[in-house]
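**Q** Build the full structure now, drawing on both the sequences and the hints.
When we follow the numbering used here, the leftmost residue of the sequence shown carries the number 2, and every step to the right adds one.
FRET-style restraints, in silico, Cβ to Cβ:
#1 T192 x I306: 31 to 37 Å
#2 P190 x D95: 44 to 50 Å
#3 I295 x K159: 36 to 42 Å
#4 V234 x K274: 24 to 30 Å
Computed cross-link-like contacts, DSBU-like style, restricted to lysine-lysine with a CA-CA straight-line distance of at most 30 Å:
#5 K160 x K96
#6 K154 x K274
#7 K96 x K27
#8 K27 x K212
If you're looking for bench data, these hints aren't it; they were derived computationally from the structure.
We put the CB at the ideal spot given by N, CA and C, even for glycine.
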Amino acid sequence: MTDFLTVGQQVLILFLLIGVGFICGKKGIINETASKVMADVVLYFATPCVIIHSFQQEMTDERIKGLLVALASAIAIHVLAILIADVVFRNDVDKRRRVLRFAVVFSNAGYMALPLQKAVLGAEGVFYGAVYVAIFNLTMWSWGLLTMSGDKKSLSVKKLLLNPGVIGLTVGVIIFLLQWQLPEVLAQPITHLGNLNTPLPMLLIGYFLSKTDLRQAFRDGRSFVSMALRLVVVPLVALGGMYLCGVRGDVLVSMVIAASAPVAAATTMFATKFDADTSLSVNMVSLTTLCSVITMPLIVALAKILSI
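**A** See the structure below:
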């Protein structure tokens, strides 16, 4: 119960920020142009900075082992989600199928999970969560890009390796391995920019919610299947698999937080770019974000109990 209340409180704090974004969207304070600018600030600066900051840690055998375990876990979770998505969504209309599959595989690991990992576990949680974000980006710019576009020519090694999440992790790992303490003139700006990784994404999610027709979203049965897989099935199977493999402690909880997060906001960006079902993607991002206020505390609390 204590673990549930702790996680629930942190999720509630995030949802209060989302509520501010919702109001800003309804009042026109945040518009489409502003949301794109905010998304770029988070993507290119805030998220890499919070990752780099989290790697300002003392190098120990335990942390190195934890990084390797987190890497293997993140890869396994994405492979599992891809297999489930491909099996379940075979016969849907193409524009919908692409969104439904993408939504199962990609959680809001950067926007939603990193702030929650920091709140629940501190810098240690982000330290391992950064690995999940890197695998998320590599998978999104390979399988995700191919799934949404349907064209192998759209794959790009440059996009795969030079996206902000991977760059942030690479810089962080180098700093960690060299045990280099950033000078104050660099550390302070990185810390301040990293702090934006909690409020700005929540405001963005609130803005997307303000533009969603929830009545229409609740009438779509197939989207509920995809949402159930994203919010419940994938995180619980991932939790069970890691537990059976002996994963414990902050690594287990951090990976479960990332795996149990709602549908990635990138789903809408990719759907828009590649002419998939954009309205379905917006509905799924919004509805899973709403539902996660119940599912995430339950699943993460269970992970904290099993992590001992």
